[in-house]
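A.B. asks: Please model the entire structure based on the sequences and the hints provided.
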Amino acid sequence: MKNISKAVEKKDHKQKTSGRAMYIADKKLTGELQAAFVRSELPHGRILKIELPPLPEGYLAVDGRDLADNHLQVITAEQPVFATEEVSYIGEAILLIAGPDLATARCLCRETKVTYEELPAVLDMDKASAAAARYHFAKGDVAAALARAAQIVEETFTTGYQEQAYLEPQGVAACWDAEEGKITVYGSMQCPYYVHGALMRALNLDAQHVRVVQEVTGGGFGGKEDYPSLLACQAAAAARKAGAPVRIIHNRREDMAVTPKRHPGKLHYAAALDAQHHIIGLKINICLDAGAFPGLSSVVLQRSLLSAVGVYRVDNLEAEGRAAITNTVPSGAFRGFGAPQSVFAVESLMNHLAAKTGMTPLAFRLLHGVKQGDETGTGGRYHHHVPLPDLIARAEELSGYSRKYAEYARPQTGRYRRGIGLALFLHGCGFTGSAEKDVIRSRLILRKNADDRVEILASNTDMGQGLKTTFSKIAAEALGLPLERIICRNPDTDRVPNSGPTVASRSILIVGKLIERAARRLKAEWVSGREQEVQEVYKDDVLIPWDLEKFRGDAYPTYSWGLNVVELEEDRLTGMTNLLGIWGVFDVGTVIDYTIMKGQAEGGILQGIGYGSMEKLEAQGGQFRQGSFTDYLIPTAMDTVESEIAFVDNPYDGGPFGAKGAGELTLLGGAPAYVAAVEQATGRAYHAVPLTPERILAAEDKGGEV
Amino acid sequence: MVTACMPASVAEALYMKKKAGERAMFVAGGTDIMPARQTAPVMIYLQGLHDLSRVSRSGTVLSIGAGCSYTQLIHDELIPLVLREAMQSIAAPAIRNAGTLAGNVCRASPAGDTLPVLHVLEAVVVAGHLADSGAIVERRLAIEKFILGNRRTALRPEEMVLAVEIPCSSYENLTKMQSCKVGGRKAQAIAKLSFAGICRVKADVLQDVRLAFGAVGPAVVRSRELEKKIQGLTLTELADKKNDILNEYAALLQPLDDQRSTAAYRRQVCLSLLEDYLTL
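Chains as they are written, first to last, in my numbering: chain A, 5 to 710; chain B, -7 to 272.
Derived from the structure by calculation, the hints contain no laboratory data. Among the hints, erroneous ones may be present.
With a straight-line Cα cutoff of 30 Å, these simulated DSSO-like cross-link-like pairs (lysine-lysine) come out [to be verified]:
1) A:K245 - A:K186
2) B:K178 - A:K20
3) A:K6 - A:K20
4) B:K234 - A:K408
5) A:K602 - B:K178
6) A:K31 - A:K186
C.D. replies: Here it is, written out as structure tokens:
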């Protein structure tokens, strides 16, 4: 194991395990007001009249008129901060009422009467005509491949919503300094500069008059990428109007009802096979449910499309996709960001094609795996070592996959039947396309104090994934300093440059590399006892430039790779499953901290298995049926077994000490490996996640497939 | 305003309840009312009442005090194994440490985890109130008479449950005892459905059979009428008639489609579990 990979105590370990960590809900501001919302009760409607009850002294109502620009800046800015004339989904904020007592504010909200004219609502993505984005790309000649195919297999896969289920619900507090004309927002968030940009626009303030401070954040998983910007604008409008600090903390029900989820998807595949069982062409159509506003959906869809062929080489390919606008809660970011939908679909397709050709899932995969130097679906290249054989060898060694697969393929009798499933996957590291170069342009500062301690000034956040520790380790290793001499605080936009958001598995790869480079320079210039500062900016090292219009080029600088194996037994009577074994083998380049990475892997796989099995979130009439953790189930410790995790060594020069993206990769294989294991146990094919016991038995019943 | 009371004795608890009537609510473990944020003008907390925390067997009756927690009962060998197993499937250790069997009965949820088992064990609920003389007056109700429907019981405003009694004959010398909870996951889950079965087979004849289903109706589904039909059958006859029996039970189930499961799944799994159970 490399020195940097050796686990250390996390920088925030003592603070969190002792309970001293202060979350936004623990932070009390003098004279603060609390806020509650009046929200849309219709999926689509025109607001005709709003009747407020008489507001007691100290209470005020805040709506879209209280903002200089009532548009939320995401990638574009279609979504209103407060709905003014029209409501577009159930739960959309119309106004808020703030005051000293939250219960009173809630009561006043309930007494507010909104009269609507109901408008036709689009609740089904198949019926949507508007799209947040559409893309299309092709390589080779799919039509010709389909024409000469010995066999064409068509399958449609559907995937459900997934709730991030961070432990700490969303929350912010805003303070307005009337003298300075400056807004400060504290909160639980992943991307302080996204919030900063949204506030500048909504309040029409320049960068110096907006300050955003991240507080200790209890989990994000993508859920705190865009939504905190909305909450911040709402709180800021109230704070400025009230002239007092305003705090908004969602309770779990409100959080689950109105914050963004993983996009539901519908993915259609037509595969052309030749007589030798080789895939000679793939035609793919993906539809994601964007919800009421575009938000991040265009980029999510890009990643779905870019992941749609998995780790396989297909010379004739055509893929198109759209992110449909519907009158439902806007979908957003969730670990994997469009890839989990596609990885489930393509990995299940590979299993079904293998079955049709009489090959084992692994043998069929080996026939199609990409190799270094191969072209990607978009005319980019796999420039670096592709470790699929290494992953497979290690997984076989740990899990005995092929031996067990052969054993469970024999007829099984009795109430419980066993199965083992495997999934192979990759994840493009960092932002999709050219955003690092064209939009983000990360900037990082290392500041050396006179006491020779070094502070990392970056806007990236630790939300539980251990970034303070891994960032500090990179700096310490490059500087040759003990870890205690490195300081890494929660970002405050008054103090830190914009090194970009904490998303897309980019923090270590992109910002970590800036830290490494800055640290090496600082070491060379080091003068003990003097204050010094080193700045680094992102340098593009993408080999084939990305062209979004043409959907061509290297969409990512490099890829991380993974393999999961899931072994289980299924109860014929109930359709319930018992996990028997979970294995994960990953290539994330150099592991920056073994314990942190193992945590990412174990959690990611289980979150993926949850996505594939029990995490059912259904929208009915534009409203989620599962409104709390009683009804929206995520796996508990009782539902899993100890997973075995291993890493293969495949360092990447473009990352710090050879590290690549890691956080999202780990979620991708859980669902398809789980479904594959159930498929072997039951002898059925499935096309939908979550694969609940209800769906397993329904397939039995129909004697067919779901 | 909420008045919180901590009675020092059962008699005092009953006195408080008599005074406050429907304005008062008893709290044993509180594991159901707390997440539901339920409250009443008078809350009477029963945690300190050791008289309610006893398990005793006198003659042919096992008596379980209303204050006994699941954890206490799971570790008590006097309690029939089938009931202990059902309690082991409830929520998670923290809730099992606080929650009580009597609380599960009084809350009368259609999905109450112990209820199908208590039905097949012919449990009797002992309710008590304070007479004007100061004496505690007891009233015994079979569990199916006590639970009237979804969240509805026959408990009177002045009464409280003192104990749950189980006749020992209901669980001794049995051939097969089974309880099965089907939840969305293995801990912290509300049952999608549940099943409990008890039977005694002697010389290839079914002497006694009791079957119950949870979460497929407003209250537990148990049919003495159908059980009578099955009793006395030889195992061969049982095998022959199994399909008819399943059809008759199917007609009794009233499963719902909701956020946790589907009616079709609930019905199918109930019948599959029953069929499996009757494969003797």
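A.B. asks: Now look at each hint and say whether the structure bears it out.
C.D. replies: So, going through the hints one by one against the coordinates:
no.: 1; hint: A:K245 - A:K186; result: holds, 13 Å
no.: 2; hint: B:K178 - A:K20; result: holds, 28 Å
no.: 3; hint: A:K6 - A:K20; result: holds, 28 Å
no.: 4; hint: B:K234 - A:K408; result: violated, 37 Å
no.: 5; hint: A:K602 - B:K178; result: holds, 24 Å
no.: 6; hint: A:K31 - A:K186; result: holds, 20 Å
When held up to the earlier numbered hints, the structure conflicts with hint 4 and nothing else.
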